[in-house]
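Visitor: Based on the provided sequences and hints, a complete structural model is requested.
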Amino acid sequence: MAASAARWHGGQPIGVGMKANSVLKTVRNLRNAVSTNINRARGVEFIPANVATLSIETSSVCNLDCVFCAYGKKLSAKVTMPNELFASAIGQALELGFNDYDLTPCTGDVFMDRHLFDKLAFLDATSGVKGYGFYTNFAVPRPKDIDRLAALKKLSGIGISVYGHDLDTFLKITRTTAANYHRLVRNLEHILAIHQRQNFQMHVALHAGRDSIRGRKSEITDVLERFAQAGVSIKQQKNVYNNWGGYVTPQDVRELPVKVMGADAIYKNGACVRLFTTVQVMATGIVNGCACRDADATLRLGDLTTTPLRDILSTTNPAYVTLIEEQQRGDFRSVCKSCDFYASIYHRSGSYKRNNVPLQTLAQWRETAR
5 MAASAARWHG GQPIGVGMKA NSVLKTVRNL RNAVSTNINR ARGVEFIPAN VATLSIETSS
65 VCNLDCVFCA YGKKLSAKVT MPNELFASAI GQALELGFND YDLTPCTGDV FMDRHLFDKL
125 AFLDATSGVK GYGFYTNFAV PRPKDIDRLA ALKKLSGIGI SVYGHDLDTF LKITRTTAAN
185 YHRLVRNLEH ILAIHQRQNF QMHVALHAGR DSIRGRKSEI TDVLERFAQA GVSIKQQKNV
245 YNNWGGYVTP QDVRELPVKV MGADAIYKNG ACVRLFTTVQ VMATGIVNGC ACRDADATLR
305 LGDLTTTPLR DILSTTNPAY VTLIEEQQRG DFRSVCKSCD FYASIYHRSG SYKRNNVPLQ
365 TLAQWRETAR
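Residues 5 to 374 in the numbering used here are what the sequence shown spells out, letter by letter.
Heads up, a few of these hints could be off.
[Claimed, not checked] In silico EDC-like links for lysine to aspartate or glutamate, alpha-carbon gap of 20 Å or less:
1) Lys78 <-> Asp344
2) Lys157 <-> Asp122
3) Lys134 <-> Glu99
4) Lys221 <-> Asp170
5) Lys263 <-> Asp215
6) Lys176 <-> Glu223
7) Lys341 <-> Glu330
8) Lys78 <-> Asp256
Hints in this document: simulated from the structure, not taken from any laboratory.
Guide: In structure tokens, the structure reads:
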């Protein structure tokens with residue numbers, strides 16, 4: 005997720021507290037609002053052209069039930085994608101120019117798919133596939149599974165989400181067992197050894213369960229310190245969390261120093277750029293308008309089991325066009341109102357310039373959309 009920019013969702017350096025994060029988010033929100041309004045008034049739009057990454061959720065089942073996640077409350081099916089549907093999705097995606105794949109579930113963990121390595125082997129063997137990667141809580145795989153990861157040729161890298169900096173915070177966040185904690189520690193040790201032998205590409209996102217972990221010692225902090233010494237990127241995630249369209253409430257996170265965002269915490273003006281860059285094929289085959297927060301697919305564009313991907317990701321698809329037009333009018337559906345991944349098509353991200361991303365207007369997208 006090396007992996008595509010679409011996969012790596014950044015966090016804050018270890019030690020940054022909730023108050024500092026809130027201030028930083030407010031300042032960034034105000035700055036983005038000014039630039040967004042100016043660009044919209046000028047009719048200037050920034051939509052990445054030639055998007056090559058498609059999100060495919062191979063499993064919507066999770067082994068954890070984190071307090072700040074919608075997983076425990078979502079209504080959508082908790083299933084794994086059949087291998088046949090996965091192969092069909094990849095074949096259709098390649099025909100449309102997608103050659104890179106983000107396998108991170110919206111809510112779930114890739115390793116809950118018992119046939120995951122069949123799918124990864126398929127990607128490795130398929131001509132035209134450039135790379136793939138995913139995030140995982142890493143408390144599911146066995147050591148032999150981790151060894152198999154290291155042998156894959158097209159795996160660009162993985163992100164590991166670590167929930168809690170010690171056993172107590174792990175249990176409070178994940179609402180699971182100590183066995184999962186100890187399995188996570190073992191797996192971190194195992195993949196670190198692999199990284200030291202062959203520079204296995206990975207990134208760690210730490211949800212610490214505290215404002216700061218300075219001076220705190222545990223099995224997790226010890227191994228993460230060695231990760232950092234080995235050059236692995238580690239970022240502590242902010243303690244201001246999304247409410248997943250109202251699914252997560254302050255009551256859910258009452259035992260942690262966590263703030264749940266309100267519905268209007270992020271300024272929104274214009275369609276979200278992720279409608280063009282981060283569409284997801286869900287484990288059920290539903291094609292959804294966003295891979296980030298919509299656990300129940302309320303941004304549904306179509307169903308791959310009945311409609312070709314080419315016809316779903318098309319300007320002739322009324323569901324797709326309507327969703328974009330709604331947001332252009334300022335009409336955001338419930339899950340979008342509070343989404344902290346929102347990025348307006350009228351805001352030029354600094355990453356576009358750093359990565360030389362070719363850009364287009366909404367009118368140009370309409371003319372050239374797959």
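Visitor: Are the Cα atoms of Lys134 and Glu99 separated by 20 Å or less?
Guide: holds (14 Å)
Visitor: Is Lys78 close enough to Asp344, meaning Cα to Cα at most 20 Å?
Guide: holds (19 Å)
Visitor: Verify the proposed pairing of Lys78 with Asp256, using a straight-line Cα cut of 20 Å.
Guide: Roughly 14 Å between the alpha carbons, so the hint for Lys78 and Asp256 holds.
Visitor: Compare the distance between the alpha carbons of Lys221 and Asp170 with 20 Å, and conclude whether the hinted pair is satisfied.
Guide: Answer holds: Lys221 to Asp170 is near 8 Å, not above 20 Å.
Visitor: Has the given pair, Lys157 with Asp122, been kept, meaning a C-alpha gap of at most 20 Å?
Guide: Measuring from Cα to Cα gives roughly 14 Å; hence the hint holds.
Visitor: Starting from Lys263, check that the Cα of Asp215 is at most 20 Å away, please.
Guide: Holds, at roughly 11 Å.
Visitor: Is Lys176 close enough to Glu223, meaning Cα to Cα at most 20 Å?
Guide: holds (17 Å)
Visitor: Does the alpha-carbon distance linking Lys341 and Glu330 stay inside the 20 Å limit?
Guide: holds (12 Å)
Comparing the model with each earlier hint shows no violations; every hint is respected.
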